[in-house]
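Go ahead and model the full structure; you've got the sequences and the hints to work with.
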Amino acid sequence: MATVEVSFSALPVHVRTARLIVTAVARRSGVAETLLDEVRLAVGEACSRAVEAHRRHCPDEPVRLELSGNGRRFEVVVDDSVPGDDAAGTATLGAAPTASPAERDERDFSESAADLGLAEDVAELGLAVIAGLADDVEIATTPKGVQIRMSWPIGT
Amino acid sequence: MDLKVNDYTTDDGLTVINVEGEIDVYTAPKLREKLIDLVNKGKFHLLVDMEKVEFLDSTGLGVLVGGLKRVRAHDGSLELVCTQERILKIFRITGLTKVFGIHDSIEEAQEKRKSAK
Chain A
1 MATVEVSFSA LPVHVRTARL IVTAVARRSG VAETLLDEVR LAVGEACSRA
51 VEAHRRHCPD EPVRLELSGN GRRFEVVVDD SVPGDDAAGT ATLGAAPTAS
101 PAERDERDFS ESAADLGLAE DVAELGLAVI AGLADDVEIA TTPKGVQIRM
151 SWPIGT
Chain H
1 MDLKVNDYTT DDGLTVINVE GEIDVYTAPK LREKLIDLVN KGKFHLLVDM
51 EKVEFLDSTG LGVLVGGLKR VRAHDGSLEL VCTQERILKI FRITGLTKVF
101 GIHDSIEEAQ EKRKSAK
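So the protein sequences, as listed, match chains A and H. So the first sequence is numbered by UniProt numbering: it starts at 1 and just counts up by one. So the second sequence is numbered by UniProt numbering: it starts at 1 and just counts up by one.
No lab work stands behind these hints, which were simulated from the structure alone. A couple of the hints might just be wrong.
[Said to hold, decoys possible] If the Cβ cut is set under 10 Å, some of the chain A residues that face chain H in the computed set are:
no., residue
1, Val6
2, Ser7
3, Pro12
4, Val15
5, Arg19
6, Ile21
7, Arg28
8, Asp37
9, Glu38
10, Glu45
11, Val51
12, Gly126
13, Ala128
[Claimed, not checked] Residues from chain H that face chain A, not an exhaustive set, calculated with beta carbons under 7 Å:
no., residue
14, Tyr26
15, Gln84
16, Arg86
Positions of the beta carbon are idealized from the N, C-alpha and C atoms, including for glycine.
Following this line, the structure appears as structure tokens:
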């Protein structure tokens with residue numbers, strides 16, 4: 001059962017709020033101090049990805065976070081509401097009619113990193129960070145959107 | 001904590017950018033603007049001092065990669081000063097340690113730059 005549920009407007013500034021809440025709840029749930037940075041970063045990445053997807057396709061829809069601890073694992077679920085969105089954030093739905101400066105820069109970032117010879121698709125950089133940090137990760141694309149489920153051990 | 005970005009140029013033409021605070025999806029545009037501004041002013045050798053950075057995510061990494069591409073277009077360089085393990089870990093996970101020169105201090109970066117000339 002979820003112990004904390006958070007919904008927040010799809011605004012970049014609220015990703016920080018989400019990180020603060022997640023860190024506080026993880027600490028209270030008994031996640032080791034040495035893991036809190038990883039929890040904070042991984043959940044921040046998942047929230048950033050969801051916020052960017054919502055801003056493109058459904059800016060009025062809130063991003064949802066679910067935090068729970070069962071005594072052994074601390075689990076975080078981040079849901080977006082962009083049907084057909086793939087995990088890398090390149091939605092299959094129609095793109096916004098006019099690209100914002102942030103979107104243009106994002107594309108520039110992709111091209112930049114590609115030119116620098118990075119092995120991975122940089123659109124997935126955030127997901128690579130999540131995969132590298134979370135103890136256990138599941139990414140599911142559903143008709144309702146993308147769900148990223150992460151968990152860490154509680155205690156030492 | 002908000003992002004503070006300041007810069008100065010040393011006698012040997014290296015522009016040091018001191019970054020303090022959290023670099024994330026909200027604050028990264030400020031760093032991006034600073035890098036673009038410096039390149040537009042003809043500063044092509046940049047050293048980003050990340051010792052006071054408290055948080056860095058993939059958006060911040062993207063801004064640094066974008067900055068690197070911009071200076072390389074002018075035969076410039078963008079290197080980093082970083083000794084914080086939690087920040088270095090993100091560079092390692094994403095393979096960006098192979099892309100950026102990462103130094104322990106500004107002095108060390110200057111020494112290496114001098115010896116490379």
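Hints, one by one, checked against the model:
1. Taken as an interface hint, valine 6(A) does not check out: its beta carbon lies about 17 Å from the nearest beta carbon of chain H, beyond 10 Å.
2. The criterion of a C-beta within 10 Å of any C-beta in chain H is not met by serine 7(A), whose closest approach is roughly 18 Å, and the hint is violated.
3. At a threshold of 10 Å, the smallest CB-CB gap from proline 12(A) to chain H is about 4 Å, leaving the interface hint in force.
4. Interface restraint check: valine 15(A) against chain H, minimum CB-CB distance 5 Å, threshold 10 Å, status holds.
5. Proximity of arginine 19(A) to chain H holds as hinted, the smallest CB-CB distance being about 8 Å (cut-off 10 Å).
6. Here the hint on isoleucine 21(A) is broken, as its CB sits about 15 Å from the closest CB of chain H, past 10 Å.
7. Here the hint on arginine 28(A) is broken, as its CB sits about 20 Å from the closest CB of chain H, past 10 Å.
8. Checking aspartate 37(A) against chain H by beta carbon gives a least distance of about 5 Å; that is within 10 Å, so the hint holds.
9. Here the hint on glutamate 38(A) is kept, as its CB sits about 9 Å from the closest CB of chain H, short of 10 Å.
10. Against a cut-off of 10 Å between C-beta atoms, the interface hint on glutamate 45(A) holds, since the closest Cβ of chain H lies about 6 Å away.
11. Because the smallest distance between the Cβ of valine 51(A) and any Cβ of chain H comes to about 7 Å, under 10 Å, the interface hint for this residue holds.
12. About 4 Å separates the beta-carbon of glycine 126(A) from the nearest beta-carbon of chain H, less than 10 Å, and the hint is met.
13. Interface restraint check for alanine 128(A): the shortest CB-CB distance to chain H comes to about 6 Å, inside 10 Å, so the restraint holds.
14. Interface hint at tyrosine 26(H): satisfied, since its Cβ lies 4 Å from the closest Cβ of chain A, which is below the 7 Å cut-off.
15. Because the beta carbon of glutamine 84(H) sits about 10 Å from the nearest beta carbon in chain A, more than 7 Å, this interface hint is broken.
16. Look at arginine 86(H): its Cβ gets to within about 5 Å of chain A, closer than 7 Å, so that hint holds up.
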